[in-house]
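Whole structure, please, built from the sequences with the hints as guidance.
The listed protein sequences correspond, in order, to chains A and B. Sequential numbering of the first sequence, starting at 1, is according to the numbering used here. Sequential numbering of the second sequence, starting at 1, is according to the numbering used here.
In case anyone wonders, no lab produced these hints; they're calculated from the structure. Misleading hints may appear alongside valid ones.
Claimed, not checked - Below, a sample of chain A positions facing chain B; criterion: calculated Cβ distance under 10 Å: (1) V103; (2) G105; (3) K131; (4) V133; (5) T182; (6) F249; (7) H345.
Idealized CB from N, CA, C, for every residue including glycine.
There are 2 protein chains.
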Amino acid sequence: MSAIVATYEIRGDDRRARAEALAVEQSHELPTDLAPEPALRSLAHVVSFEAGSEFDTAVVEYPEELAGGELAQLLVHLIGNVSLQDGIRLVELEVPESLAAAVGGGPPLGAAGIRRVLGVDDRPLLATALKPVGLEPADLAAMASKLAWGLDVIKDDQGLANQPWAPFRERVLRVTEAVRETNAASGRRARYFPAVAGPFEQFEERLRFAADAGADGVLLMPGVTGFDSVRFAATVLPEDAIIMAHPSFLGGFTASSTHGISPEVLFGPIMRLARADTVIFPSAGGRFSLTVEQCRGIAEQSRRPFAGLEASLPAPGGGMSVDRIGELVELYGRDVLLLIGSDLHRGGDLRASAEAFLEAAQTVR
Amino acid sequence: MSAIVATYEIRGDDRRARAEALAVEQSHELPTDLAPEPALRSLAHVVSFEAGSEFDTAVVEYPEELAGGELAQLLVHLIGNVSLQDGIRLVELEVPESLAAAVGGGPPLGAAGIRRVLGVDDRPLLATALKPVGLEPADLAAMASKLAWGLDVIKDDQGLANQPWAPFRERVLRVTEAVRETNAASGRRARYFPAVAGPFEQFEERLRFAADAGADGVLLMPGVTGFDSVRFAATVLPEDAIIMAHPSFLGGFTASSTHGISPEVLFGPIMRLARADTVIFPSAGGRFSLTVEQCRGIAEQSRRPFAGLEASLPAPGGGMSVDRIGELVELYGRDVLLLIGSDLHRGGDLRASAEAFLEAAQTVR
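Below you can see the structure in the form of structure tokens.
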């Protein structure tokens, strides 16, 4: 395949015309009757169109060269301008293997690599977040040292940045040390992922600081720092570092069903192209609004053959509780990273809660 | 003022409870009954709530320290997670002057500075884009040399990146040279703004290359490279360079009226915080979907007193034609940058079209 193939749902009036206009808007951005002949090589085309009731479906082929081997530019062409139009929604994506390779070759570890470096063969993997924002590094470290008795991944809440209460560097040093100490006592391989966003000119420096401190993974927010920042992080971090993507500031694309990008494509192939090893998304049944069907679709899109890339590991979160593990494994399968939040804090004893979570994950069928 | 004050429209059921949950979600992200006492310093609060019919309105105050002096983190707290929920929409924003200063102090030139460096006192300013994608640098340069007879700003189409047909560096060199030659002949001060997105690790390098080539301005896409990349660009570029922001990949926030960010706030205060001197948005009456009222609101939000920052210059575009100048000036006022696209190409003679556009702008009342 040498074309980028994108499928869109089209709503509203004159759907066929909207699809044709989309193909021009997202490639030439000049009516084709005004475009000089040599420029035709860059033009996208509607290659199939299927009428429906609620929406019609258009498949558009873009020349691979339009992306210029750059992830940011691929996104510009897939949905950049038409993201501003209600009634157009990106719902499927295929890209040539050559393009996926040019933008970095996908998740460095992927789902299988995450299991390998964490040393967990079969059970669902377990993660939680350090919060609330406002605690000091010593408090967060104390929390992490307890959580590391049961969790595989302890990540910063996305609300933790470089606030005066818990500056980035001090937090990273204290929490990595705390997790290391618990691991030495427990024989486990829990990991801490600092949230790295912050000023553009400090992004690489924070990544390197986290890796040097022994963080072995990071939490990134492509909605805030750009999808290409995730790809870049994969080029900076050590080989066995895990890249976890967080959906903060991405919801504009998914909160309505009539525009934007389907959550399946956004949290599946687009995140795999951006080189995320594991991808957080709001699970059905929590305080956010994805359906069970969408969540199952995200899991499928994270695993299906796509441009020769590794599978990413789905990390459903939001309103999750220990007693839902069975239900969640039924929905996502065992190859999942379950992100649990406030429920862990309810028992009062964080270490006991973390161990109970682990026990539940080890025994779930 | 020492708080960040954000106003949200709340739709759906249990609106008051949604507002309270939002304040916790976007600050602590842990139910307050589980949060240790010292963390209360980071908690946001609903400070007013007004019931309505279509929606209720909640004003939420966040402690300034939550942003940690970082633009990316401010966005995480304003709308990061709740962007994933339909029924919550950010519609007004105030931030303390100290925070606005900490994130760079707003547009380096702003609307007044743009007029100063372009040497245009009173009339509407004029811009267009080099397109279609697929042309070679020599073709684009030839196009620019004609357009520079009438336009103030000739920007790359956002679809131009580093494609094989027109690699970034060659394009920037050829087009800046062409515009410089026309300026020498015309006595005008037309400027060329290359589109800079591309790989994260090349972002600064491309900015510097553009400035060294004499580009005097850039086109940036915060939706693609992150809002903080725009702020960063302002720290790298020469003092009189103009930063133009493009709305590509931002439409998820604005395409529906029931979630995300109102276009007035997104293209107004948020872009000013990101240090954009001029902000492109889809004008009413074109092929995108903003209303006249929203467009007027964007213009107001780009000019109103906000955290001690310069005004940005609204740059409405999309489906614009020369014969609409009067109507557009009536809508936006004269302090506007009119972005015209394919209509300039309709006449066949680009220089004549550009001169006619200038003539129309000079005579509009």
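message = Flag every earlier hint the structure violates by its number, smallest first.
response = 2 and 5
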